[in-house]
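Peer 1: Going down the list, the protein sequences come from chains A and B.
Residue numbers for the first sequence, in numbering that gives the first Met the number 0: 0 to 252.
Residue numbers for the second sequence, in numbering that gives the first Met the number 0: 0 to 610.
Hint data in this document are derived by calculation from the structure and do not stem from the laboratory.
It should be emphasised that the depicted structure is a prediction, and the values quoted were computed from it without experimental measurement.
Just so you know, even glycine gets a beta-carbon here, dropped at the ideal spot from N, CA and C.
A few of these clues could be false.
Unchecked claim - Once the Cα atoms are required to be at most 25 Å apart in a straight line, the calculated DSS-like pairs of lysine-lysine come out as:
id	chain 1	residue 1	chain 2	residue 2
1	B	Lys348	A	Lys141
2	B	Lys348	A	Lys131
3	B	Lys359	A	Lys66
4	A	Lys141	B	Lys359
5	B	Lys359	B	Lys348
Stated by the list, open to error - Ranges between beta-carbon positions, derived for each pair:
id	chain 1	residue 1	chain 2	residue 2	range
6	A	Ser1	B	Lys502	51 to 61 Å
7	B	Asn479	A	Asn76	28 to 38 Å
8	B	Glu271	A	Trp104	50 to 60 Å
9	A	Ser1	B	Asn479	18 to 28 Å
10	A	Thr85	B	Gln8	32 to 42 Å
11	B	Thr9	A	Asp11	24 to 34 Å
12	B	Glu558	A	Asp134	48 to 58 Å
13	B	Ser578	A	Thr4	44 to 54 Å
These are the residues of each chain, in order.
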Amino acid sequence: MSEYTFRIWRGDSASGEFVDYQTEVDDGMVVLDVLHRIQAEQAGDMALRWNCKAGKCGSCGMEVNGKPKLACMTRMNTYLEEDVITVQPLKTFPVIKDLVCDVSWNYDQNLKIRPFKPGPADSDGRYRMSQKDVDRVQEFRKCIECYLCQDVCHVLRDHKRTDVFVGPRFMIRAASLDMHPLDVEDRIPDIRDELGSGYCNITRCCTDVCPENISITDNAIIPLKERVADRYYDPIIWLNNKVSGLFQNGSKT
Amino acid sequence: MNADISEIQTFDHDVVVIGAGGAGLRAAIECSAQGLNTGMICKSLLGKAHTVMAEGGVAASLGHTDQRDNWKVHFRDTIRGGKFLNQWRMAELHAQHAADRVRELEEWGAVFDRTPDGYINQRPFGGHRYPRLAHTGDRTGLEIIRTLQDYGIHQGIHVHQECTGLKLLKDSGRISGVLGYWRDTGRFVLFRTKAVIMSTGGAGKIWRVTSNSWEYTGDGIEMAYSAGAELIDMEFAQFHPTGMIWPISVRGILVTEGVRGEGGVLLNSENERFMFNYTPDRFKEETADSPEEAQRWLDGDASARRPPELLTRDVVAKSIMKEVEAGRGSPHGGAYLDIASRRDGEYIKRKLPSMYHQFKELAEVDITKERMEVGPTLHYMMGGIAVDGDTQMTAVPGLFACGECTGGMHGANRLGGNSLSDLLVFGWLAGKGAKDYVGQLSRPLQIVPEHIEEARREAVAPLNIEGGENPYLLHEELQNIMNDVNIVRTADGLKRAIESLQKLKPRVANIYAAGSSQYNPGWNQALSMRPMVMVAEAVARAALIREESRGAHTRLDFEGEREEWGNINVMMCQNADGSMDIRKVQRDVPPDHLAEIAYANLEDLEGGLHV
Ligand SMILES: Cc1cc2nc3c(=O)[nH]c(=O)nc-3n(C[C@H](O)[C@H](O)[C@H](O)COP(=O)(O)OP(=O)(O)OC[C@H]3O[C@@H](n4cnc5c(N)ncnc54)[C@H](O)[C@@H]3O)c2cc1C
Ligand code: SF4
Ligand code: SF4
Ligand code: FES
Chain A
0 MSEYTFRIWR GDSASGEFVD YQTEVDDGMV VLDVLHRIQA EQAGDMALRW
50 NCKAGKCGSC GMEVNGKPKL ACMTRMNTYL EEDVITVQPL KTFPVIKDLV
100 CDVSWNYDQN LKIRPFKPGP ADSDGRYRMS QKDVDRVQEF RKCIECYLCQ
150 DVCHVLRDHK RTDVFVGPRF MIRAASLDMH PLDVEDRIPD IRDELGSGYC
200 NITRCCTDVC PENISITDNA IIPLKERVAD RYYDPIIWLN NKVSGLFQNG
250 SKT
Chain B
0 MNADISEIQT FDHDVVVIGA GGAGLRAAIE CSAQGLNTGM ICKSLLGKAH
50 TVMAEGGVAA SLGHTDQRDN WKVHFRDTIR GGKFLNQWRM AELHAQHAAD
100 RVRELEEWGA VFDRTPDGYI NQRPFGGHRY PRLAHTGDRT GLEIIRTLQD
150 YGIHQGIHVH QECTGLKLLK DSGRISGVLG YWRDTGRFVL FRTKAVIMST
200 GGAGKIWRVT SNSWEYTGDG IEMAYSAGAE LIDMEFAQFH PTGMIWPISV
250 RGILVTEGVR GEGGVLLNSE NERFMFNYTP DRFKEETADS PEEAQRWLDG
300 DASARRPPEL LTRDVVAKSI MKEVEAGRGS PHGGAYLDIA SRRDGEYIKR
350 KLPSMYHQFK ELAEVDITKE RMEVGPTLHY MMGGIAVDGD TQMTAVPGLF
400 ACGECTGGMH GANRLGGNSL SDLLVFGWLA GKGAKDYVGQ LSRPLQIVPE
450 HIEEARREAV APLNIEGGEN PYLLHEELQN IMNDVNIVRT ADGLKRAIES
500 LQKLKPRVAN IYAAGSSQYN PGWNQALSMR PMVMVAEAVA RAALIREESR
550 GAHTRLDFEG EREEWGNINV MMCQNADGSM DIRKVQRDVP PDHLAEIAYA
600 NLEDLEGGLH V
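Isolated chain B (complex conformation):
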């Protein structure tokens, strides 16, 4: 095959944003505002990205429901929730800017629920000291993505929908383009560009029980890694404590934390509110120790502490698992979540309409009258592409990243609501970072035709390997392997998983997708297997090396947090021979002003004072 690329459809942009969720849209809006010719590609139709599914809310210290709140308390909560592994600068910027980014959405037309005096209302959520989540019922993500979409389409962004990015192209180390294909025709398309902003979200589809859709196959993480970017914290994958578990076909679908934020409680088969037995020492001081105190908190008593159902996700997920193991689980192996006995039916329907609808339609359960059955579901990747906290640039010049595909911001465990705010803050900053970078580029960039040819050859291979493996079944096998890289882990299981993944690789190279390249989900699935296997291996290897239990990472053979690991991030990158380089990296010492906040007493921060 010759390397003639002139017949490939080509677009020229200053910057290409890969992914049109909250992060990508916010980044594209900023790029456009900065005067860059901005292209955006996404696998699904515009407005269908994961962000649309977010339910509970977006965290920002607006201080509308409790005036004691401010960015410092938000920062402190985020760091404590992340078990002190978060990148300091990212957590700082996030807490400082979240409120402005949320207000900006209101200026662009978002309609959040209101407080009695007319301001944006905020609801309590796990790990957040004060009611902090701006929300629109339980469809906050829809409100946010639609606002960004409807604002964005008037900003001159070139949107290329149902277009999958395959490979980043470079010119002597710098980003110079993206190769992708149109889903409808299967034809290849080339974007020449000076910078790329990766905002492709997570990789939940490597696990069987997940709240994530088919899009979450880790493409962006793999593209960045293959181009030379570093990954950070890959061992931390968040299991949300409350996914639906029955019927089987809906297993994994999310039940928002908002149910607990609105007063919902977790019960075991003996009708015991078991979370009172699982409050970790670190949070004892801030958590109610009796149902009576928890009730006062729900009634608005400012002196009462939060109920234990609102402990961080890692804690609640593991507690449910322990109850099930002790034989006190619900019939289908989870726990009961009860809001019916806590709030009246009208209130539930108004505050949690899509939960009401979802259970009614999919499980034939009326949550205003009956209890829900819930259990842990893979939900979010804390780990991802490593970026500079201020500019969002990766180790590859010209490659930026923001949103769920990045790592570092959330440390070992993300607080609910902190993702939507992360998208807004870092999408905005990535746009600024890209502008600065593009502005100082001094020479034109080239596309190397051979790089395209190689990627094309690889991509069409599955259409021609008759008798090869079925992509759907291979995906199931990958999910089976990941049962060893689940919510609890052991060295044996992780080693077994890594070995199985090695055996899977040649089979992935031998996938056969019947049919043509035209809108062919089998072929699309085949192409997403490589990124999934790559991300799976990164998670398993990072999990094996971290010999402690912290946040979302639980090792049965290394229980509890180990001091020596509290200062270590696990970083990975690709070696020249294609193998995975994995390193323990000493964390930066926090600047004094941040260390002071992170370790401060709440009382000192509530005044918003001196620190």
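Just chain A, same shape as in the assembly:
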């Protein structure tokens, strides 16, 4: 057991400040355990979100020593006892109270994405897909909606372009539909116009923080940008892709 100092942001949308808490830390604890201990013993009304405590629900995103992290997956033994550990809410979204912020903007972005639209089933009424074809979609569907990627994307965080860019989380959601072997919706115009694919300039900061290790930039955003470019800027490539795609696996490539 050892004693640590936590410097936690306390406050609401009107005002706030960092408050120091000294607390015991046991072997094997993660940051979330420590926050719970502080809550139970010293700060009963300290607001924070969590559910699964195992990196599966994406509720506990916060900034620990300036880095976006899942509190439940951040082990205390990655910090030194003499360091002060600073904890604050995700900066990109408006704070509600303490470590909880208003992430409702993300739910609004999801609505901009057209629902899944499957083509016809096989004659036996069932759908067939090969594991190989669903692998890349499954990578994107691992997303736990923790919004850490949204938090670091400079388009949203620094340039505040929440009006035009849906952010990396929803780019991968669009990719998961666009690359879904059964989906027949043409999503390219929306990806450019509604989702704002052009605003991403491939800094890969989102990929670096994703706790699910999704290759957001390389596997989702870049291929989508390429498709947009093909469609709008080079009709020959677009047509070519479309035609060869038809021979590969149905209506879309």
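For this one, chain A is given, so just place chain B with the ligands on it according to the hints.
Peer 2: Same frame as chain A, but now just chain B with the ligands:
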């Protein structure tokens, strides 16, 4: 205080679904499809409910991996796993409709793992005769909740997130509204509605070692009970055999049964595969009796029987306990779970990625190279709100329920994978039930202002009792009391627990939550204490009355199943004076066609034939 409710924010809906897990979402989608104005409230953000954590898979007799499977075999497995206490009609509907509900998810965009010929793949799980669990790696719950969420947001459902339901309101016996509060502001909110569908999940937080999150405090069970609904089978709480046990801070976190489904084995400190010593007579015929046969099963030999690690959860959990008691436990009081020596590293990472990740990050164990240490953890409530099998309506007109907060479907023990399918089937049916009910309502419903005033007064009390009890510490005390209502029970322990719970009640009424009502977890915790204590008492009292050991309920003073109890369900409801009424109720005689399936030989069912 006057009873003026006009200043409370108010919404009008035809139906309000309380809870946004798999059951609530599926119910809301159906309500909306049926043309009802549908509201849905949930304590957390949308998509974070327990369902998101489900790992192993959803059970449905699709017959993709073994064509011998069909709904009858699924029904038979479910009833046998439930030790013949399941509600017959629910188990029947569940087995019949699960496959269609899973296929429907695929039409809504779910991406399950595939068989070599491109269909939904299915993995073996405890108590299921054939590989039956459709899955997406070991994050099936995420796949399902996200599919329902992304489909649901386009169906016109009004979602009210981070809103906690406190009390059901009635107009001369019928449901007419729900009172709740917003977590962020602490303000009260009123939903006028013709029907409510309860889908709030379980109550695992009354136990210390649990796979459940803070949300599982039995709110829905308490709200329904207080409104006059009956509860059934409350003594049956499932301990999952494999929770993490080390380090202490992760104790209880689930290790999916999928590890054993993929070939993982349980070992004691002497490196013995001890489960071979614990196969109950009822399952001997269907269980491998040597490691050699178990290996052939793993290699795909259709004539080999399932390994004993895949016996039902109650059996495996108790076997681990017995090994520990006999001094053959692992260093931290559990057993070893070994997949590393059974499958190659790449396979493990592909089929069990989140287990790999979870152990690596939280315990610094590489499961492709090392053994895991595991032990029982409270996981699931078989007991809950009693409903009509076809409509999902409770004893209260206009109140429906589905998902883990209900009881009856799983009897004395739930099979893995049967919860996710339960959510889909009964969520769907509850939506239909609510539609039928709302359609035949003939008069407008009223809200009684005094009922709201009373609930409001009670809810704000903890903010004003300076010097009262600490909600977090009181919660710990409750968990201590529940050590007597654990995986094994005795009359003495249960009586002690009931007595301690009585003493706890006045202290719960005297809780103090510092701070304001604005996003205040201390206050939220204070408000969840009453439901937790109520559910704890129901479990303890039902456990005391059932003088036998069956499924998840083990009485050291009454070992083994007793014939006279095989036909009894324990039902509870609230008396007019607020005390708990508890009754032994004779079970319905099963209709002939179901009795025939339940007691049939497997060979008769595998043809899918005459029964
Ligand atoms: C770690 C883990 C793994 C599991 N794996 C599997 C598996 O592989 N297969 C399987 O079949 N089952 C599995 N289960 C069980 C299964 O996941 C659950 O039983 C199931 O998800 C419960 O779903 P539900 O819709 O009933 O409730 P939940 O998904 O728990 O949803 C409950 C909802 O109710 C809301 N709520 C609660 N109280 C209130 C209130 N007072 N006011 C407003 N809203 C409220 C919550 O916010 C939440 O939205 C697993 C469970 C766990 C914990
Ligand atoms: S790669 Fe694009 S989406 Fe990701 S952080 Fe950079 S700009 Fe944002
Ligand atoms: S993509 Fe990764 S970082 Fe972004 S929300 Fe999903 S899981 Fe979180
Ligand atoms: S609590 Fe679920 S991801 Fe941290």
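Peer 1: The structure should be examined with respect to each hint, and the outcome stated for every one.
Peer 2: Hints and how they fare:
{"no.": "1", "hint": "Lys348(B) - Lys141(A)", "in the structure": "holds (14 Å)"}
{"no.": "2", "hint": "Lys348(B) - Lys131(A)", "in the structure": "holds (16 Å)"}
{"no.": "3", "hint": "Lys359(B) - Lys66(A)", "in the structure": "holds (21 Å)"}
{"no.": "4", "hint": "Lys141(A) - Lys359(B)", "in the structure": "holds (18 Å)"}
{"no.": "5", "hint": "Lys359(B) - Lys348(B)", "in the structure": "holds (12 Å)"}
{"no.": "6", "hint": "Ser1(A) - Lys502(B): 51 to 61 Å", "in the structure": "violated (37 Å)"}
{"no.": "7", "hint": "Asn479(B) - Asn76(A): 28 to 38 Å", "in the structure": "holds (29 Å)"}
{"no.": "8", "hint": "Glu271(B) - Trp104(A): 50 to 60 Å", "in the structure": "holds (56 Å)"}
{"no.": "9", "hint": "Ser1(A) - Asn479(B): 18 to 28 Å", "in the structure": "holds (26 Å)"}
{"no.": "10", "hint": "Thr85(A) - Gln8(B): 32 to 42 Å", "in the structure": "holds (37 Å)"}
{"no.": "11", "hint": "Thr9(B) - Asp11(A): 24 to 34 Å", "in the structure": "holds (26 Å)"}
{"no.": "12", "hint": "Glu558(B) - Asp134(A): 48 to 58 Å", "in the structure": "holds (50 Å)"}
{"no.": "13", "hint": "Ser578(B) - Thr4(A): 44 to 54 Å", "in the structure": "holds (50 Å)"}
In summary, the structure is inconsistent with hint 6 from the numbered list given earlier, while agreeing with all the others.
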